[in-house]
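Protein chains: 4
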Amino acid sequence: MEKKDYLKREVEHIDIKSFNAIPIIEQFDKTAFQARNLARAAKIYDRMLSDKDCSIILCLAGSLFSAGLRKIVHDMIENNMVDMIVSTGAIIVDQDFFEALEFKHFQGTPQSDDNELMEMMIDRIYDTYIDEEHLRICDMTVSEIANNLEAAPYSSREFIKFMGKYLKEKDMGKESVVRISYEKNLPIFVPAFSDSSAGFGLVYHQWNRKDKLKVSIDSVKDFLELTKIKVNSKETGLVMIGGGVPKNFAQDVTVAAEILEKTVNMHKYAVQITVADERDGGLSGSTLKEAHSWGKVDEGSEQMVFSEATIAFPLLASYAYHRGNWKKRKSKNFNTLLDGKEI
Amino acid sequence: MEKKDYLKREVEHIDIKSFNAIPIIEQFDKTAFQARNLARAAKIYDRMLSDKDCSIILCLAGSLFSAGLRKIVHDMIENNMVDMIVSTGAIIVDQDFFEALEFKHFQGTPQSDDNELMEMMIDRIYDTYIDEEHLRICDMTVSEIANNLEAAPYSSREFIKFMGKYLKEKDMGKESVVRISYEKNLPIFVPAFSDSSAGFGLVYHQWNRKDKLKVSIDSVKDFLELTKIKVNSKETGLVMIGGGVPKNFAQDVTVAAEILEKTVNMHKYAVQITVADERDGGLSGSTLKEAHSWGKVDEGSEQMVFSEATIAFPLLASYAYHRGNWKKRKSKNFNTLLDGKEI
Amino acid sequence: MEKKDYLKREVEHIDIKSFNAIPIIEQFDKTAFQARNLARAAKIYDRMLSDKDCSIILCLAGSLFSAGLRKIVHDMIENNMVDMIVSTGAIIVDQDFFEALEFKHFQGTPQSDDNELMEMMIDRIYDTYIDEEHLRICDMTVSEIANNLEAAPYSSREFIKFMGKYLKEKDMGKESVVRISYEKNLPIFVPAFSDSSAGFGLVYHQWNRKDKLKVSIDSVKDFLELTKIKVNSKETGLVMIGGGVPKNFAQDVTVAAEILEKTVNMHKYAVQITVADERDGGLSGSTLKEAHSWGKVDEGSEQMVFSEATIAFPLLASYAYHRGNWKKRKSKNFNTLLDGKEI
Amino acid sequence: MEKKDYLKREVEHIDIKSFNAIPIIEQFDKTAFQARNLARAAKIYDRMLSDKDCSIILCLAGSLFSAGLRKIVHDMIENNMVDMIVSTGAIIVDQDFFEALEFKHFQGTPQSDDNELMEMMIDRIYDTYIDEEHLRICDMTVSEIANNLEAAPYSSREFIKFMGKYLKEKDMGKESVVRISYEKNLPIFVPAFSDSSAGFGLVYHQWNRKDKLKVSIDSVKDFLELTKIKVNSKETGLVMIGGGVPKNFAQDVTVAAEILEKTVNMHKYAVQITVADERDGGLSGSTLKEAHSWGKVDEGSEQMVFSEATIAFPLLASYAYHRGNWKKRKSKNFNTLLDGKEI
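Protein chains in written order, with this note's numbering: chain V, 1 to 343; chain U, 1 to 343; chain Y, 1 to 343; chain S, 1 to 343.
So that you can see chain V by itself, here it is in the shape it has in the complex:
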């Protein structure tokens, strides 16, 4: 088989507008186990959207966008269903920015000959394929963006804004999360930014700057910025797909605010979709009840859903979309808060 034979069937993105999950979720609500948990989570999310005091933080971890979930997040941003995002570099750079550059992910199989793939420069994520040559172009585009910035420390949020600006100027990425976030003044934080295609591009930038001043990515600044948003939000709600750094980072912000001697509430609402287990003590599977002991998440409006995200997230998002409570919400323009004035 040749490379082009592997890279044939494109992953297409799920459109939550094209089906109405309300009747399914309503039925799930009367049952048990994870169907009921999913229904409860969807309803909590809908309550966040109805609560005019609530800022909504969407946390994304796992290979979500390469798996067809990118348009869901795009549509959530477009319709003011979310106010800020905390994510991984893989999702935001390798997958979203990558597709904005008009590259694609392809359907494959976990029973691949990985040695053959390597020789053809095809990267595998479980049952999907990526053309590694395209990834390198993505890396270099990040490098180019860095080269054009003033040498200074940036938060990942600031840098991602410049990536969005780049897309807008080139008029690329109609369904890109990076681009629409830029256009809607919605912050995206990636606390481990260098752990991605962006990292490759920025390493390349720093390496070539030699002893000259460099663009650097200051993850402390991210934390400070997210804390400022928390301080400026009466209530907050977390919608977490997967765990990892985004989950921990977003939860921690209530403690960070306290350390700055600001009085803030715990996250009032919190839902998480994950397959991680709690029994190994890891953060990704730790319960939201446990997060309450840390003073991070309030009790009563929190729900874990034990399900793989590609199945559960579209149902949750479609439910909330079709309920329509987002229609009364406005863009919170948190980028303006962070870039325009001090608190």
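By construction, these hints were calculated from the structure, which means they are not laboratory data.
Hints should not be assumed to be uniformly reliable.
Within a straight-line C-alpha distance of at most 25 Å, the following computed SDA-like cross-link-like pairs (lysine to any residue) qualify [to be verified]: (1) K43/S with M266/S; (2) K3/U with I137/U; (3) K289/U with Q107/V; (4) K212/U with A257/Y; (5) K3/V with M140/V; (6) K212/U with L260/Y; (7) K234/S with L337/S; (8) K30/U with Y6/V; (9) K52/Y with N265/Y; (10) K43/U with M266/U; (11) K8/U with Q303/V; (12) K43/V with S112/U; (13) K328/U with E78/U; (14) K104/Y with E258/U; (15) K4/V with K289/S; (16) K289/V with L135/S; (17) K4/S with G300/Y; (18) K4/U with D29/V; (19) K17/S with S50/S; (20) K8/U with E26/V; (21) K289/U with M1/V; (22) K289/U with Q111/V.
All values derive from a computational prediction rather than experimental measurement.
Position chains U, Y and S against the provided structure of chain V, taking the given hints into account.
Using the frame of chain V, we list chains U, Y and S on its own:
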């Protein structure tokens, strides 16, 4: 809290007719990971329904009916979407026959005080409650049915037929799987029949018969009967919800036929929804690819779906229902084959 | 590759006497997560061995003996570390009796070409191989044993006794669990007996008997027998490796005793090693705390260990072996209780 | 219960010297499933230690040190069994540096009343407790260290060196990984450094610096530094406990080197202990075979072990310790490479 406060919110059963999963499944098919696997499984099941030579074996394990999935199976039987069932005693007796006797399951929480529940005679299954006093009535009803039978070895299938007859005569259990199976001549096999409420009833029967002849349940006879159906089916397909004994038993029947020197095909189609892991070598999570090495399942039309059943099974069944390929199928009346004539 | 190249590296059985797990378990006890749970489980098992009133039920599910855990169970029986066994047909017949007939399991790989294996008649269990031609001899040996018995319903325990007798007479199976159980009058119950190589042999027997009387396997009788042992034991403890039917069956016996109007205690001690999840409501992963709501397992001396069995079971068993509290125990000869006199 | 009653039983750290896992691992090697995988991983790690060209990268994720695994890593560093570490902020700051400040973790239970814990300022990690007041002192110590540094971007590695220096100067933390790494010139990278107690301290620092120049943490610099080590190592091996950012970051370095137009080999050896699943496409559970398609990990000397780390890591480390092949290894002093001269 009093007992009645715990037993308040009834579990209601999902109606796959009330929502159409086709647009969701079609979108899942273009993606990756388990959403795509679920779409592929749903389409394989639909192909089973379109293949006029194929007899469909539904395997059920896990607390499915207490969790609201009972009506799905009832509707599948009613609409000739399945030709025989292999299941556990818990599902068929403690949950289906139990609800046919007009008892209910209730929504609860995994954070219960289990000692308090025990003292109130409330049994917990994760986040659902059962009134143990009702379960005892279910046990004794099974015992009564046994008392009225001729003392002899029965297959579980034969005994379950008598349970269906009992319900029909009392006109109980409008949505009961046991009853509609009886009415449609559809065999239900429970290879570990005594491991359930039926076991309690039958132990009571045998204990009280003392030295007299007793009703006994011969699981070898079940195996022989299922093998006879296999031998009389040109092709077979497996729809497995959960793993356990039902999965193994139904897969094994191709080998059993061979041992009787009958030439049969492997199961041509096979799908399984499970959260079990393959990495511990257990049967429940073992792949259908592995089953091919045993000569049990053919290659090409098999699919594992790693998802909790309450979420995935309703989507799969609703997809197949709304596709409508079952409309050309007829009841295979396998009970008549087994009871009426020798092969 | 030829068949013999696949079947080269024999699985060898772990010898718990050859290493002393006490220092590891003592260290684990001071830590957290599953290491601590494993230590706690090992200590509860050791307490069972020290409690002279306690009868110990070992429950075995999963492909344990093909994976090298057979000698552990053999040695536990030999040293009066267990008083009865509830297991699956796969373990007792396809794996133990099979090896007693001088066949072997072999190390393989999960990345096998399963079609090639099938054509060579090699069966795969995750990363192990079995010669299917040998399995057929095992099936036929069971059939031969059945042919020599009086046609009547037997409990699986009774039938397995005859299998042990067969081995003893042929002087086969020095490390066989079936044989040593026979010699030590220790009952083995397999509630889903036909779901195994035994099933193939017995189906062959019944098929060939045509209209004549047949040997049948009455799983109700098993349940009644196990209940009699419960009634005759002041206290009981469960050591469960994996879940499935053996777990449920052994737990249920307290309820069965109640139904026969016998006053018995709940299982006083209970430990389980499993990788199953509780969040899908399935029995295998259901907590022992949940079992308390059913009145099956007492509180305070129960422990779930979330670990794959091949790693955790040898450590638990080696700990208890080297602690030596079994030295004061005697064989309970429960087969004599069941076969010799009525209670 | 009062706070001091909760914080009573200290977690004690496992000492791999105190038991010899060689006989256990040798027995596991002859079996199947995860016991065999663990044996194979232990032997691959031992081969890394024997290969004089190999630099060993230890990746740590999950709540490992609060669970008693800290001394294992300390002893591995002391005995030149590892050459650099990639980890999470939680492990390095909240757990290691925290205990170096003479605070402790305590044994608790997952069935806690989390609201009561919150009110007492006790934080829970599954079955362990932490005094949150102590954590705040840890945060402020980090802040103090930052206040004493020149305002500039630092890699996390550089900052952690200053933390080690702090401990040495105060003569605190005899078993601290941060301290011994400082003393042995061994680099520790924490790519998501602000996602931890360090983040709290540094946010406090930056907040109080207002418009003045600040200490910032540049994760790109970390990536560049790790890449330099890769370029200076003939071969590399990965020992990964858990997944997350450390796994990805360390694997990626082969690609980063390529981008800098350096010719490097893939990681020659790689083992991972994790309970994460591969079927959701997430990075933590993705196989090392999959990593080969990306050109990150070579084939033939890689092994996944599906086990909870508290059980498997002590066995793996004790095996390698007692094999003694580390005795011929010397400290690689990679901090000197990074800080002393350019490559």
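Here's how the hints hold up against the structure:
1. For the hint linking K43/S to M266/S, the alpha-carbon distance of about 19 Å falls within 25 Å, and the restraint holds.
2. Only pairs whose Cα atoms come within 25 Å are accepted, and K3/U paired with I137/U is accepted, the gap being roughly 18 Å.
3. A distance of roughly 20 Å separates the Cα atoms of K289/U and Q107/V; the hinted pair therefore holds under the 25 Å criterion.
4. Distance restraint check for K212/U and A257/Y: the Cα-Cα separation of roughly 21 Å lies within the 25 Å cut-off, and the hinted pair is therefore satisfied.
5. A distance of roughly 22 Å separates the Cα atoms of K3/V and M140/V; the hinted pair therefore holds under the 25 Å criterion.
6. This hinted pair checks out: K212/U and L260/Y have alpha carbons roughly 17 Å apart, not beyond 25 Å.
7. Of the supplied pair hints, the one linking K234/S and L337/S holds, its CA atoms being roughly 15 Å apart against a limit of 25 Å.
8. Between the alpha carbons of K30/U and Y6/V the distance comes to roughly 16 Å, so the proposed pair stays at or under 25 Å and holds.
9. A threshold of 25 Å between alpha carbons decides the hint, and for K52/Y with N265/Y the separation of about 15 Å falls inside it, so the pair holds.
10. For the given pair, K43/U sits about 20 Å from M266/U by alpha-carbon distance, which is consistent with the 25 Å threshold.
11. In summary, the hint linking K8/U to Q303/V is supported, as the alpha carbons are separated by about 21 Å, within the 25 Å threshold.
12. Between K43/V and S112/U the alpha-carbon distance is near 23 Å, which keeps this suggested pair within the 25 Å criterion.
13. Between K328/U and E78/U, the direct Cα distance comes to roughly 13 Å. Compliance with the 25 Å bound is thereby established for this hinted pair.
14. Of the pairs offered as hints, the one joining K104/Y and E258/U holds, with about 23 Å between alpha carbons and a cut-off of 25 Å not exceeded.
15. For the suggested pair K4/V and K289/S, the alpha carbons sit about 22 Å apart, so the restraint of at most 25 Å is met.
16. Under the criterion of a C-alpha separation no larger than 25 Å, the hint pairing K289/V with L135/S is consistent with the structure, at around 20 Å.
17. The suggested pairing of K4/S with G300/Y holds, with an alpha-carbon distance near 23 Å, which does not exceed 25 Å.
18. A threshold of 25 Å between alpha carbons decides the hint, and for K4/U with D29/V the separation of about 21 Å falls inside it, so the pair holds.
19. Annotation: proposed proximity of K17/S to S50/S holds, straight-line Cα distance about 19 Å (limit 25 Å).
20. With a C-alpha separation of about 18 Å, the suggested pairing of K8/U with E26/V holds against the 25 Å cut-off.
21. Of the supplied pair hints, the one linking K289/U and M1/V holds, its CA atoms being roughly 23 Å apart against a limit of 25 Å.
22. For a cut-off of 25 Å, the pair hint linking K289/U to Q111/V stands: about 11 Å separates their Cα positions.
Against the hints set out earlier in the document, no violation occurs for any number.
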